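Asker: So you can see what is in the structure, the chains are spelled out below.
There are 2 protein chains.
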Amino acid sequence: MPSPLHVQFVAAARGGPWSITSVTAIVGDPLPTASSLTVTEVPAGSGTTGPADAAWALHGIVSNERYVEREEKTRLALVQEGLGRPGATSGALIPIHKSDAWWQLPQDDRRAIFEARSSHIKIGLEALPAVARRLHHCRDLGGPFDFLTWFEFAPEHGAAFDDLLGALRATEEWDYVDREVEVRVSR
Amino acid sequence: MPSPLHVQFVAAARGGPWSITSVTAIVGDPLPTASSLTVTEVPAGSGTTGPADAAWALHGIVSNERYVEREEKTRLALVQEGLGRPGATSGALIPIHKSDAWWQLPQDDRRAIFEARSSHIKIGLEALPAVARRLHHCRDLGGPFDFLTWFEFAPEHGAAFDDLLGALRATEEWDYVDREVEVRVSR
Chain A
26 MPSPLHVQFV AAARGGPWSI TSVTAIVGDP LPTASSLTVT EVPAGSGTTG PADAAWALHG
86 IVSNERYVER EEKTRLALVQ EGLGRPGATS GALIPIHKSD AWWQLPQDDR RAIFEARSSH
146 IKIGLEALPA VARRLHHCRD LGGPFDFLTW FEFAPEHGAA FDDLLGALRA TEEWDYVDRE
206 VEVRVSR
Chain B
26 MPSPLHVQFV AAARGGPWSI TSVTAIVGDP LPTASSLTVT EVPAGSGTTG PADAAWALHG
86 IVSNERYVER EEKTRLALVQ EGLGRPGATS GALIPIHKSD AWWQLPQDDR RAIFEARSSH
146 IKIGLEALPA VARRLHHCRD LGGPFDFLTW FEFAPEHGAA FDDLLGALRA TEEWDYVDRE
206 VEVRVSR
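Here the protein sequences line up with chains A and B, keeping their order.
Whatever position you read off the first sequence (first residue = 1), add 25 for this note's numbering.
Whatever position you read off the second sequence (first residue = 1), add 25 for this note's numbering.
Take these hints with a grain of salt, some might be off.
Note that the list lumps identical chains together, so a pair holds whenever it fits in one copy or between two copies.
Stated by the list, open to error - Distance condition first, Cα-Cα at most 20 angstroms in a straight line; then the derived EDC-like pairs of lysine to aspartate or glutamate:
(1) K98 <-> D125
(2) K147 <-> E198
(3) K98 <-> D133
Read the hints as simulated data drawn from the structure, not as lab findings.
These numbers were taken from a predicted model, which means no experiment stands behind them.
Taking the hints into account, I'd like the entire structure generated from these sequences.
Answerer: Listed below in structure tokens is the structure:
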């Protein structure tokens, strides 16, 4: 892991490799609808504005892990697959924001809710390797969300992805999510 | 904890409330010498460039805790004092960068090195309430450092502060510090 990777998600009327098939507000305010989505690596400090013709642009960082422990990291590395698989023509961008109550918790309390009580990693493992995933942090960048999670999977694994979302949203951890938007895409 | 606080440290030839008394490279490259230091809150996304006449400018974020656990948080809150005490006319800014080896470690390994084996919090507690401290994160902003720690204390507590630095630099955690600069200031 050299310097953290900065990634921008830009929604616009046209031009991106991904077609936006739906934009759904799960909790809180929605995002504007748009037709196409582009995912690009950008230099650090690029800001969160995006090009002039963007419907919206979100900027996140692939940073170090905040909760994953050694044994979990080993298990994940054994089964997860990378982004960009040719058959993975379905995708989703899920921006979420967590409440102040979450951020005020000390590390051990957040970890206990995250895994011991919500099984976040365990639930994620069940969708591997079908669903590839990359987490982007953005709370510290000052935008409207704390995390942007990007998923890619083959269309025949759509049900596994739906199950993943349903299971996570039923957890105690999700009680702290006060904004969540689900952007579905295909290419 | 509402949105994270963004703070800029600007060193220049004149004009700041703090006079820089020394700039010492502890490990790795130094920072340019300068005469005065200004600490200001800035909007998120202000970048790391600073004003045109700055010798250097560093930008960090007062973010959520990454290692502190509930019991430690309670103990710290009981004894620590805030910034800006009238008698605290000595200060220091200590920017550090940690190696890739550190950042590749999973959370439990980093926590074990940080506290179980290096007693980072315990060592810090020994200097409380004399030395007030605020940690700023900057790894995800793409600048040259990962952390900027700001300290304020009364001149008569200079020895306690020196002891704190000496004890931290002797820890296993500090084996992962590959750049550290010590900027001493007074007002």
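Asker: Look at each hint and say if it fits the structure.
Answerer: Here is what the structure says about each hint:
Taking the shortest alpha-carbon separations for K98 and D125, only the inter-copy value of 17 angstroms comes in at or below 20 angstroms, while the best intra-copy value is 28 angstroms. In the homo-oligomer, the alpha carbons of K147 and E198 lie at most 20 angstroms apart inside one protomer (13 angstroms), although the nearest pairing across protomers, at 30 angstroms, exceeds that limit. Taking the shortest Cα distances, K98 and D133 sit within 20 angstroms of each other both inside one copy (18 angstroms) and across copies (11 angstroms).
Hint check: no violations occur; every hint is consistent with the structure.
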